[in-house]
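The listed protein sequences derive, respectively, from chains A and B. Start counting the first sequence at 742; every next residue gets the next number (this note's numbering). Start counting the second sequence at 742; every next residue gets the next number (this note's numbering).
Since the hints were made in silico from the structure, they are not lab data. The reader is advised that the hints may include incorrect statements.
Remember, identical chains collapse to one label, so a pair may be satisfied in a single copy or spanning two.
Derived DSS-like pairs (lysine-lysine); straight-line CA-CA distance at most 25 Å [to be verified]:
{"id": "1", "residue 1": "LYS986", "residue 2": "LYS1144"}
{"id": "2", "residue 1": "LYS1241", "residue 2": "LYS1093"}
{"id": "3", "residue 1": "LYS1116", "residue 2": "LYS1037"}
{"id": "4", "residue 1": "LYS747", "residue 2": "LYS778"}
{"id": "5", "residue 1": "LYS747", "residue 2": "LYS870"}
{"id": "6", "residue 1": "LYS1093", "residue 2": "LYS870"}
{"id": "7", "residue 1": "LYS1105", "residue 2": "LYS870"}
{"id": "8", "residue 1": "LYS830", "residue 2": "LYS747"}
{"id": "9", "residue 1": "LYS871", "residue 2": "LYS1093"}
Computed from a predicted structure; not experimentally measured.
There are 2 protein chains.
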Amino acid sequence: MFQYEKFELIFHGEEPQGSWSVIDLQAVFTCEETEKKIFGFYAGNGTYIVRYLPQHTGLVQWEVSGLFTARGQEECVSCQDGTHHGLVKPSGTSLTYEDGTMCRPFGTTVYAMMHQSKELIAQTIETIKKSPFDKVRTCMFPKHYIFNENEPERFAFEKKDERGFDFHRPCFAFWDAFEEMLQTLGDSGVEVDLILFHPYDWWGFSRMTRAEYLPYLHYLLARFAAYSNVWWSLANEYDCMEAFKAEDWECIEGFIAENDPYGHMLSCHHMLQNYDFSRTDITHCSIQGDVTNVEKYMERYHKPVLMDEFGYEGNIFCHWGHLSAFELVHRFWMCCVLGGYGTHGETFMDDKDILWWGKGGTLKGESPERIAFLKEIIRELPGALEPVPADFITAEKLEDMRKGLYQEEQTDFTRALLQRTPEEAAHIIEGITRDTRIYTGHCGEKAYLAYYGRHCTAVGDLELPKNHTYCIEVIDVWEMTRKTIATGTCGKVEFTLPGKEGIAVLAVAEN
Amino acid sequence: MFQYEKFELIFHGEEPQGSWSVIDLQAVFTCEETEKKIFGFYAGNGTYIVRYLPQHTGLVQWEVSGLFTARGQEECVSCQDGTHHGLVKPSGTSLTYEDGTMCRPFGTTVYAMMHQSKELIAQTIETIKKSPFDKVRTCMFPKHYIFNENEPERFAFEKKDERGFDFHRPCFAFWDAFEEMLQTLGDSGVEVDLILFHPYDWWGFSRMTRAEYLPYLHYLLARFAAYSNVWWSLANEYDCMEAFKAEDWECIEGFIAENDPYGHMLSCHHMLQNYDFSRTDITHCSIQGDVTNVEKYMERYHKPVLMDEFGYEGNIFCHWGHLSAFELVHRFWMCCVLGGYGTHGETFMDDKDILWWGKGGTLKGESPERIAFLKEIIRELPGALEPVPADFITAEKLEDMRKGLYQEEQTDFTRALLQRTPEEAAHIIEGITRDTRIYTGHCGEKAYLAYYGRHCTAVGDLELPKNHTYCIEVIDVWEMTRKTIATGTCGKVEFTLPGKEGIAVLAVAEN
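Let the hints inform the model, and build the full structure from the sequences given.
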């Protein structure tokens, strides 16, 4: 067996009695001191599988019990072709693969990818492989929504009757196709942020009872946990799912945390009210909204911040689906320089109603190639970016100034602020900070990346440490050009800029 | 004498004893039942002037008293060349000239226009005359600020000594030049929004005592009130002028209201804390900040809303001075469709440090011709625009829904909102309204103007009254094109749009 690649034990027998989702088949895999308890699953047609993900090299031993019993062992070796890096794990506010490689995902969104025709699914997968995107947000259950009104050929479970599904009867063809996608994308280095529940539904998947969702989750973990490129997203817009209460989310989260042997990335995405990302098992923040909040979430949760939904390039009537390509690229840059990770989406009207964000197909927009350009720059950096705080008085400092705790010369502006209530002053400071900020990130003293956004200034400056020398480049994020404007420089460096929107400046320490 | 044009009585004598700003010369002008009390002023070189603005046609009689005595009469006739329309006056939330002509000003900003060389002043005036701008914000006192560091040749008053000015000794050359500007621009239909005080000062004008500012205001009113194109702006950013207290502003406002015989437009401009525009003598709101607040100010004050400062096209390092031309044009459109009146400014770096917003000169930007295009569209409208409310739930309606007072089918979204506190919900609603809004204004049922802003939607619709038929045009605000897409239509009209930023749709009732 190869490290980071799934390993399977296959058994054949009669079809199971009772539930086909939860069966009496388990295994313990041991590698040195590490022991993993695994569920087996029924794959249909008399086939039973125990699927294991080896995370370490060395001798792996197993013992299967239940419907089948078996023991065995095999050496796990490193594949060394560089394709697989293991699971993604949080590392402070950044991400690394298990093999230590940095992970800086550039996501896209195809919610109902797996509920389309075979041909369309294949086309979508090919498109992702050729795109800059190495993470895709997609749903287990089909989506019922504008531009998503087609009935899928098959679902994760078989229909019980007119009124519902039998969550003890997986639809094997669906799971097989899903796994083919996971494998293909995994082999191409693409992470799959798997959305387990969502509200845009008319089949009843958003109203499953605990007795229904637990077998689903059991089967899901048994089959998918051995794919190293899977992330668990409890839901898309969990806070719009009326039938699921706080105790359901706790139960679902707890069940996954307890039964995922490997600790895949785990979060829950909101519409208005973010999930409590401080919970121990939640690995990262999965955010909808303003990308400039990256810093706020980092400070609050000390976890990686994935801006998973901040509007899509397109031309549909919905406000979230008719951003210009520039606006989407602009948001990506703000997100990335602050050390967040962005997720793209595309919603162009289509004769056949195939909108990328819903069904996949091909990409039509002008943002992906600019995101590829950004990705190239981010990947060259010597580490993960962390935000440089805004260069403007904070509400906290102003209050300290009010109390005489912070000594700094008052300006007309701070005097005017001090005439307002702390709440009013904070609101004003927030607005001006947003208007004035040049979003800047740094990798320690090794690199600084400043994004000027919509500021058309013709002059700029950076304050660089004096114990290094730096090479400075001016970047045009739309035209995708990079121009070196200085080398061997440090300290306060002033430079001219093109005086247009979408300009960034990168300073990298030499040597 | 001609209606709406200044009329002067000139006297000659010795120079005044004591103050040259406040002299013993006054007049009463009577036209039918209307009586106006006027101050005369000393114009230097032994010349004394009593200056009157006739607002009505008919026989005008006068009686001069004080240093000189005189009586006389003359018929005031209409000039009929169409140049002068009288003072601008508020009319609800819109503006009209005294002769009934609608006033829809498109402003620009040249703060220190009159503190430059004669040649530069002449160039600035020529530029304004050729521009779309028919209102200019400019200061009586020079400006000390970045890009404004030159010492003027002369000031409104003569220097007393090294330490200050003698506010009883006007500098006649300064006032003469100022009047030449007022006259020239007035003859070209340009209103002058005259800023009486401002904080950006190192000469002491921002720290004048009451004993200093009252003679200044007396002299100002005596000389300038007879120019029909003058507006009084008590200050630029009054709230940054530490030395002026609330009672100073009340005194200044009261003095002007009492001693301006004609009732010129009167407001006071802020940085952070708006002036109390509800005060009786304040004719309009003069706002700094987000143009989308037009509606809020209209609702609160029921007065015309002039968005006098919302950033400038340019490339200087200050955030308010490096907007792209598109952004400035975009803000103008939002402001205008809501029925507000916008003010332009330009801050491009210049070899000679001549930035339009400070010193004037020539215009370099790409926004003025687009503002001219907008002005043409606005001027064709059959009346003043009023805002069409945003098509989104309001915080008030949500609270009624919470209390069961507002019956409407709840959506996932309203259910999610109702789980938040009223304050949180209001904040969310404000954000989404801002993101989703298609800014739309209407002139009764005669015309609708919808501006799609940064929304790149490929489809749009309007709900038009059914008792008229309409002609619909699609407007590209940047390319300055207009295309008729439908005629003879009404009711719910759907149409395709170019799917790019900066698109507006105009529907005008036929016949």
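Okay, the hints, checked on the actual structure:
no. : hint              : verdict
1   : LYS986 - LYS1144  : between (44 Å within a copy, 23 Å between copies)
2   : LYS1241 - LYS1093 : between (38 Å within a copy, 22 Å between copies)
3   : LYS1116 - LYS1037 : within (23 Å within a copy, 42 Å between copies)
4   : LYS747 - LYS778   : within (15 Å within a copy, 96 Å between copies)
5   : LYS747 - LYS870   : within (21 Å within a copy, 76 Å between copies)
6   : LYS1093 - LYS870  : within (23 Å within a copy, 54 Å between copies)
7   : LYS1105 - LYS870  : within (15 Å within a copy, 46 Å between copies)
8   : LYS830 - LYS747   : within (18 Å within a copy, 79 Å between copies)
9   : LYS871 - LYS1093  : within (22 Å within a copy, 51 Å between copies)
Figure legend: structure checked against the earlier numbered hints; every hint is met.
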